[in-house]
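**Q** Listed here are the chains, written in short residue letters.
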Amino acid sequence: MNPSAGALLLDLVGVFVFALAGALAAVAKRLDIVGVAFLGTVAAIGGGLLRDLLLGDVPPPALADWRYVAVSTAASVLVFFFHPQVNRLTRAVRIFDAAGLGLFAVAGTAKALEAGLGPMPSCLLGVLTGIGGGLLRDLLLGEIPLVLRTGELYAVTALAGSLVVVAADALDVYGAAAASCAIALVFLLRIIAIRRQWSAPLPRGLEDH
Amino acid sequence: MNPSAGALLLDLVGVFVFALAGALAAVAKRLDIVGVAFLGTVAAIGGGLLRDLLLGDVPPPALADWRYVAVSTAASVLVFFFHPQVNRLTRAVRIFDAAGLGLFAVAGTAKALEAGLGPMPSCLLGVLTGIGGGLLRDLLLGEIPLVLRTGELYAVTALAGSLVVVAADALDVYGAAAASCAIALVFLLRIIAIRRQWSAPLPRGLEDH
Amino acid sequence: MNPSAGALLLDLVGVFVFALAGALAAVAKRLDIVGVAFLGTVAAIGGGLLRDLLLGDVPPPALADWRYVAVSTAASVLVFFFHPQVNRLTRAVRIFDAAGLGLFAVAGTAKALEAGLGPMPSCLLGVLTGIGGGLLRDLLLGEIPLVLRTGELYAVTALAGSLVVVAADALDVYGAAAASCAIALVFLLRIIAIRRQWSAPLPRGLEDH
Numbered sequence: 001m002n003p004s005a006g007a008l009l010l011d012l013v014g015v016f017v018f019a020l021a022g023a024l025a026a027v028a029k030r031l032d033i034v035g036v037a038f039l040g041t042v043a044a045i046g047g048g049l050l051r052d053l054l055l056g057d058v059p060p061p062a063l064a065d066w067r068y069v070a071v072s073t074a075a076s077v078l079v080f081f082f083h084p085q086v087n088r089l090t091r092a093v094r095i096f097d098a099a100g101l102g103l104f105a106v107a108g109t110a111k112a113l114e115a116g117l118g119p120m121p122s123c124l125l126g127v128l129t130g131i132g133g134g135l136l137r138d139l140l141l142g143e144i145p146l147v148l149r150t151g152e153l154y155a156v157t158a159l160a161g162s163l164v165v166v167a168a169d170a171l172d173v174y175g176a177a178a179a180s181c182a183i184a185l186v187f188l189l190r191i192i193a194i195r196r197q198w199s200a201p202l203p204r205g206l207e208d209h
Numbered sequence: 001m002n003p004s005a006g007a008l009l010l011d012l013v014g015v016f017v018f019a020l021a022g023a024l025a026a027v028a029k030r031l032d033i034v035g036v037a038f039l040g041t042v043a044a045i046g047g048g049l050l051r052d053l054l055l056g057d058v059p060p061p062a063l064a065d066w067r068y069v070a071v072s073t074a075a076s077v078l079v080f081f082f083h084p085q086v087n088r089l090t091r092a093v094r095i096f097d098a099a100g101l102g103l104f105a106v107a108g109t110a111k112a113l114e115a116g117l118g119p120m121p122s123c124l125l126g127v128l129t130g131i132g133g134g135l136l137r138d139l140l141l142g143e144i145p146l147v148l149r150t151g152e153l154y155a156v157t158a159l160a161g162s163l164v165v166v167a168a169d170a171l172d173v174y175g176a177a178a179a180s181c182a183i184a185l186v187f188l189l190r191i192i193a194i195r196r197q198w199s200a201p202l203p204r205g206l207e208d209h
Numbered sequence: 001m002n003p004s005a006g007a008l009l010l011d012l013v014g015v016f017v018f019a020l021a022g023a024l025a026a027v028a029k030r031l032d033i034v035g036v037a038f039l040g041t042v043a044a045i046g047g048g049l050l051r052d053l054l055l056g057d058v059p060p061p062a063l064a065d066w067r068y069v070a071v072s073t074a075a076s077v078l079v080f081f082f083h084p085q086v087n088r089l090t091r092a093v094r095i096f097d098a099a100g101l102g103l104f105a106v107a108g109t110a111k112a113l114e115a116g117l118g119p120m121p122s123c124l125l126g127v128l129t130g131i132g133g134g135l136l137r138d139l140l141l142g143e144i145p146l147v148l149r150t151g152e153l154y155a156v157t158a159l160a161g162s163l164v165v166v167a168a169d170a171l172d173v174y175g176a177a178a179a180s181c182a183i184a185l186v187f188l189l190r191i192i193a194i195r196r197q198w199s200a201p202l203p204r205g206l207e208d209h
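Protein chains in written order, with my numbering: chain Y, 1 to 209; chain X, 1 to 209; chain A, 1 to 209.
Bound-form chain Y, shown alone (with noise of 0.2 angstroms):
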């Protein structure tokens, strides 16, 4: 496998991911089966599209390659048929979701480095490339975005990949060994973050309403 496919899979198994929770979302909300692969698929690919977007790169890769659609709408698809296994699933879903935020969140602020923005702006994208799509999949359901609650250390460990990926090419080391860093730093930081029940801090006196 060559490098890039291995990037490729990687993508679309954070597609796969963020698909599933989307379309557990919509199904939740009682969504009919096209809302369900509608809004599975903005999650799974949605950030990626802001990003991309806010970069230029238009038509973005996950509408120009058939092959991210097709997996997000699998994955809602599936959903739509077996949701009350998958909601048992919960558990995995929200470690394969631990491993898609870092592997966007990397990929993300990587892109915009590249695209020549300093690193204020790429983390701003990295961040973005990460939380977008649960962003927008609450959005549409009318709720505010899980990603931006306060105790859910989302956001923050996005930045924290994000951070690490800006260091490593300031200091012109960014590679593979890095990019793989910043989405295990990521994935343990969520992973904890998640049993702990840990938070970012909050804003004073408001912390114990």
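If you are wondering where the hints come from, they were derived from the structure by calculation, not from laboratory data.
One or more of the hints may lead you astray.
Repeated chains share a single entry, so a pair holds when one copy, or any two copies, can fit it.
Taking lysine to any residue pairs in the SDA-like style, the calculated list, with each CA pair at most 25 angstroms apart, reads [said to hold, decoys possible]:
1) Lys29 with Leu146
2) Lys29 with Ala160
3) Lys29 with Trp198
4) Lys111 with Val71
5) Lys29 with Val71
6) Lys111 with Phe96
7) Lys29 with Arg196
8) Lys29 with Leu202
9) Lys111 with Gly6
10) Lys29 with Glu143
11) Lys111 with Val13
12) Lys29 with Arg149
13) Lys111 with Ala184
14) Lys29 with Ile194
15) Lys111 with Pro59
16) Lys29 with Pro201
17) Lys111 with Tyr174
18) Lys29 with Leu141
19) Lys111 with Gly175
20) Lys29 with Leu78
21) Lys29 with Leu171
22) Lys29 with Phe82
23) Lys111 with Leu141
24) Lys111 with Phe187
Based on these hints, arrange chains X and A on the given structure of chain Y.
**A** Below, chains X and A alone, put in the same frame as chain Y:
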């Protein structure tokens, strides 16, 4: 009238009826006149703008050609001043809206195919073109998008039209006749769905809540 | 200071005050520090990003020039740590916000005209530049956008500024003087609207609910 003038006219009719529906929703939320015009315009051209952004066709025709915003603004102002009468026309608006949905979904799918996208992403963009304006309208008014709500059979009918376009394109017979059939299909499905209160399949175990 | 440095400075002042307002709203919803920074930044540069996407100016200046995100992040972190003091400054924030609204609406309209759009689409993009950040902020926090709410006279004042720019452009007298007048008009209208609780015309029959 040359063919492209006919296409523009159909497009503007679609913009007009979608603006009527958007402005009516804004009036119901008691927005002021600028809010009503803004919402009506977003509802009318929003779906096309999202498609054009994703295809990289910028500035989008709906902004580059002044007639789109002029028509949507005129429709919105009309609703603002005569909304009791327009409300009485609800049935007519729904019929026009069904026609607009078919028109936009078919035109959106065809444009995506022309831009070189595959069948599945083209269907996604076709559905997005058809339902995007309504999505943005409902988001801005703080509601779960009607077009994704259970039992409305809205996105489903748009998808049916997109599939006809994709099939005709695969058979190399896409043209004015196939486009008309696809639009008519969306229109009829939607009208029948409204009359008979049809709905698409729901997730298992959630059908009768 | 050369003219473009002056324009950049004004832009960054606008970004700073819009980020203050966005971060305050995020603090009120008890987001964590990354959520506050994300919301503040989206509120500050979101309107300009939407405009630049629609004009095809990508990557948008607000991402290509690191100072925008740096300023919005700094403002957000400031609010996160000192929000009781910033809240006490609400009046000052509203005054700066009125100035930012004028600045963004006028700059957005001028940029759209330069890109070759007609008067009506340029007004639409001007209003979108002015109110877009606030729209996105409120959407992400799960609220009906304040900028569209009745009695706020927010979009209306942005439109007034846009109309001055369009009129000056049509008379071929658009320049620093006309821009300043347009910004001052938005600023004054907004300040007076806040003081006197002015509101724009409401739909007939719904005025006194």
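**Q** Work down the list of hints and note, for each, if the structure agrees.
**A** To see whether the hints hold, each was checked on the structure:
1. Lys29 with Leu146: This pair counts as both: shortest intra-copy Cα distance 15 angstroms, inter-copy 13 angstroms.
2. Lys29 with Ala160: between (32 angstroms within a copy, 23 angstroms between copies)
3. Lys29 with Trp198: This pair counts as between: shortest inter-copy Cα distance 19 angstroms, intra-copy 28 angstroms.
4. Lys111 with Val71: both (22 angstroms within a copy, 23 angstroms between copies)
5. Lys29 with Val71: within (22 angstroms within a copy, 36 angstroms between copies)
6. Lys111 with Phe96: within (22 angstroms within a copy, 35 angstroms between copies)
7. Lys29 with Arg196: between (29 angstroms within a copy, 23 angstroms between copies)
8. Lys29 with Leu202: between (30 angstroms within a copy, 10 angstroms between copies)
9. Lys111 with Gly6: Result: close within a single copy only, 16 angstroms intra versus 32 angstroms inter.
10. Lys29 with Glu143: both (11 angstroms within a copy, 13 angstroms between copies)
11. Lys111 with Val13: Within one copy only: 18 angstroms inside, 29 angstroms across.
12. Lys29 with Arg149: both (19 angstroms within a copy, 9 angstroms between copies)
13. Lys111 with Ala184: Within. Shortest intra-copy distance 18 angstroms satisfies the 25 angstroms Cα cut-off; inter-copy 41 angstroms does not.
14. Lys29 with Ile194: both (24 angstroms within a copy, 21 angstroms between copies)
15. Lys111 with Pro59: both (15 angstroms within a copy, 12 angstroms between copies)
16. Lys29 with Pro201: Answer is between; shortest inter-copy Cα gap is 14 angstroms, intra-copy 31 angstroms.
17. Lys111 with Tyr174: within (12 angstroms within a copy, 37 angstroms between copies)
18. Lys29 with Leu141: both (8 angstroms within a copy, 19 angstroms between copies)
19. Lys111 with Gly175: Within one copy, since 12 angstroms is at most 25 angstroms while 38 angstroms is not.
20. Lys29 with Leu78: Classified as within: same-chain Cα gap 17 angstroms, cross-chain 35 angstroms, threshold 25 angstroms.
21. Lys29 with Leu171: neither (47 angstroms within a copy, 38 angstroms between copies)
22. Lys29 with Phe82: within (16 angstroms within a copy, 36 angstroms between copies)
23. Lys111 with Leu141: Result: close neither inside a copy nor across copies, 29 angstroms intra and 28 angstroms inter.
24. Lys111 with Phe187: So lysine 111 and phenylalanine 187 pass the 25 angstroms test inside one copy only (20 angstroms; across, 40 angstroms).
Violated hints, listed in ascending order, are 21, 23; each of the other numbered hints is respected by the structure.
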